[in-house]
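Listed in order, the protein sequences are those of chains A and V.
Take 1 as the starting number for the first sequence in the numbering used here and just add one per residue.
Take 1001 as the starting number for the second sequence in the numbering used here and just add one per residue.
Because the hints were derived from the structure by calculation, they are not lab data.
Where is the CB? At the ideal position from N, CA and C, for every residue including glycine.
A few of these clues could be false.
[What the hints assert, rightly or not] Coverage of chain A stretches by chain V, computed from C-beta distances (three or more under 8 Å per stretch; other residues unrestricted):
id: 1; region: 125-132
id: 2; region: 169-181
id: 3; region: 185-195
id: 4; region: 334-340
[As the list claims (entries may be wrong)] Here are some chain V residues pointing at chain A (derived, C-beta under 7 Å):
id: 5; residue: Lys1053
id: 6; residue: Ala1168
id: 7; residue: Thr1169
id: 8; residue: Asp1251
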Amino acid sequence: MKGKRLLVLLTLLLAGSALGGCGFKDIDKRFFVVAMSVDPSGKEDKKYLVTVKLAIPSPSEKFGSNQYTLVSEDTDSIAQAVRIIKSKVDKELDLGHLKAIVIGRELVEKGNMDEVMDWFVRRRDIQNIAWVAAGVPDGRSILDLRPPTERLPSNMLFMSFGQVGTETAYIVSEYLFDFRRRLRERGLDPILPIVESRGDQQVAINKVALLDKNKMRLVLDPLDTKIFNSFYQGIGKYDIQIRQDQGYFIISADNVKGSFTIENVQGKTVITLKPHIHGIIEEATSPISKTELAKYERQAEQEIKERALQFVKRLQQANIDPIGFGLRYRARHPGNPDHVWKKWVELYPEVEFRVQPHVRLTSTGQLG
Amino acid sequence: MNRYFVYLVFLNMLVNIVSYVPQILIGSRFQGAIWAILASVPIGMLLIYTCLKSMSRFPRQGLTDILDSILPRWIGRVLLLMSACQFFMAGCISLLSIADTSIRYISPETPLVMGIFMFLIVICMAAVHRTKQVLYLVEIILFIDVPLILFIIVKAFWNRSYDWDAVATVGMSYSALPTWTALSAATYIFSGYSDLVVVHKAFKQTPSPKSVWLFGALGLAILFASFSIPIAFQGADGVSDYIYPWIITADSMRVELGIVERVLPLFLLLYSGISLGSIIVRWHIASDLLKDCLPSSWSRKKPLTSWIFFAFFASVSLVLAFFFNENNILAVGRVWLNFRLPSEVLIVALILIAARRRRTS
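Extracted from the complex, chain A is given alone in its bound form:
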């Protein structure tokens, strides 16, 4: 009886194998694409310059073993470009390890991001947790960096965005799926961190580009990026400079979490921002007294209030909403989503902002 069953199983398996061959390719017949960039094409009749970064495996993983090769192609569509690139290399392209998508700044300024991102989202083999960024001066030159401190090609970008290595509030990281969500969501606008090549094979990531649903509208400088990040990621390792008399002191915060509420006060829509900051004093130009921490807290609150107000007013003037005020409004007002949204579009330019910061200092560091 048992033997019979086994026989049946074997026959079925044999029959199964007759159904079709498989398209499996060995690892030595594949090129792994680790990063990709899209720039506007230099040629007049073409739209994009698509570049793929192909990792060259090295026998041992050590510093400087980040060998790669770049292949570029000018075309009108990304899919086409990748097909043509395939004809330029000898191995099959494997996009399963694509972890960074760099879009040239010029293209972000030109707009039509929905069209650019379509291919990346539609492909089944591209990770949704790939990082998207804007490249300055352009995407290709960001890919073409060979920092001697890397163990794997493009690992510098992965470490920075993943906040695995360096942890800083200046780096905003954006996943592919989140970028796509923001492109589609009414009331939450897309953002792109800006990766700047700063010579000597290194990069700086401390600015962020704010987009409307189509193209770049605003670039935040590092200080504003930090404020934005407190609402976006609520990240730790935060520093805040507070002016005091002629000098300043610096708060090092372990965690800054920005929250906000939308209320209707006497017929006016009021958004109240409530950043919560817990930290210690890390640097001061004039002597700091341990007994007067409360005074410093008030000073800090005053300054944060001014800066945050300035920041959100800039957003309001540009009519963009990367923090998601509109989405919060939609989340609090029942009814037909289209009507609610229309009402918010009318409301947003006239919204009043208030800031209620809450600062708590626990220590003055090692100096009392």
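Got chain A sorted already, so can you dock chain V onto it with the hints?
Frame of chain A, contents of chain V only:
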């Protein structure tokens, strides 16, 4: 309380993700999905309660015996056939769905028919066993898969990308009345109890109807998770762009310190297991119901009978796989879900009538 009954209901709750329930609910998220979800809980609880309460009057009997006690034999056979079709289609749709997704994301070069064939081998060889053995199998599958699925769900709620505002935005369209399809999709969560039509024969004791509260709470939680997690990750407006919102969402989670950074392979593996378990149970029940429809001269015990049925099931699935693509399968799933709710209500009503008649007589 009978733990195998809990497993069956729970298995059915988990498998909703591959049976197009999230897709349908998300499709009507601004047109009554909220009400459908809220209404499905009392409806589901009522059906479970009625079924358990009535079934307890027929210890160790299946649907066939119950129907025979109130209806002429041939009407009973027609109903059994209909019920068997429902169970077969339930399994078949899950099969097409999981085969389509696993081929698309694991091995895109394999033809769909080939993938389904591989699944079929496992399913048929497991489903041909006795009811008790199938139940043991379900227990093992759940023990392996559920902790990891819970891990993924908990991880999703803790994720920074889980946007409560998007979920609340969808919640704000609560005033819209549900469509029939949305309601059918939402009540599907609770339909695991209907496995009792056959499995009841293997139970020494009917599960106590008191456990219905547990199912209500559990069902609501799972329904909320399976509806809200894709919305929270992909946005209230953008989520409907995706054919498989849950797969995309699983791919949107990152486990920095896991063996593999991506959650997608783990998710596919777990859900292959869950859906295999569910398909095995469904087809086992379908074949058992069909056996009851055979003329009494045919011996139930013949092992060949089951194999003939499974060969039939398998060939129908392969034919369906051959003719349908992902969009058609979704449409088939929708139609099937629409029919499922009324036929389930009909069966439960018949069981209730039979129970009442038995009490009076």
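Against the structure, the hints:
{"no.": "1", "hint": "125-132", "verdict": "holds (count 4)"}
{"no.": "2", "hint": "169-181", "verdict": "holds (count 5)"}
{"no.": "3", "hint": "185-195", "verdict": "holds (count 4)"}
{"no.": "4", "hint": "334-340", "verdict": "holds (count 5)"}
{"no.": "5", "hint": "Lys1053", "verdict": "violated (38 Å)"}
{"no.": "6", "hint": "Ala1168", "verdict": "holds (4 Å)"}
{"no.": "7", "hint": "Thr1169", "verdict": "holds (4 Å)"}
{"no.": "8", "hint": "Asp1251", "verdict": "holds (4 Å)"}
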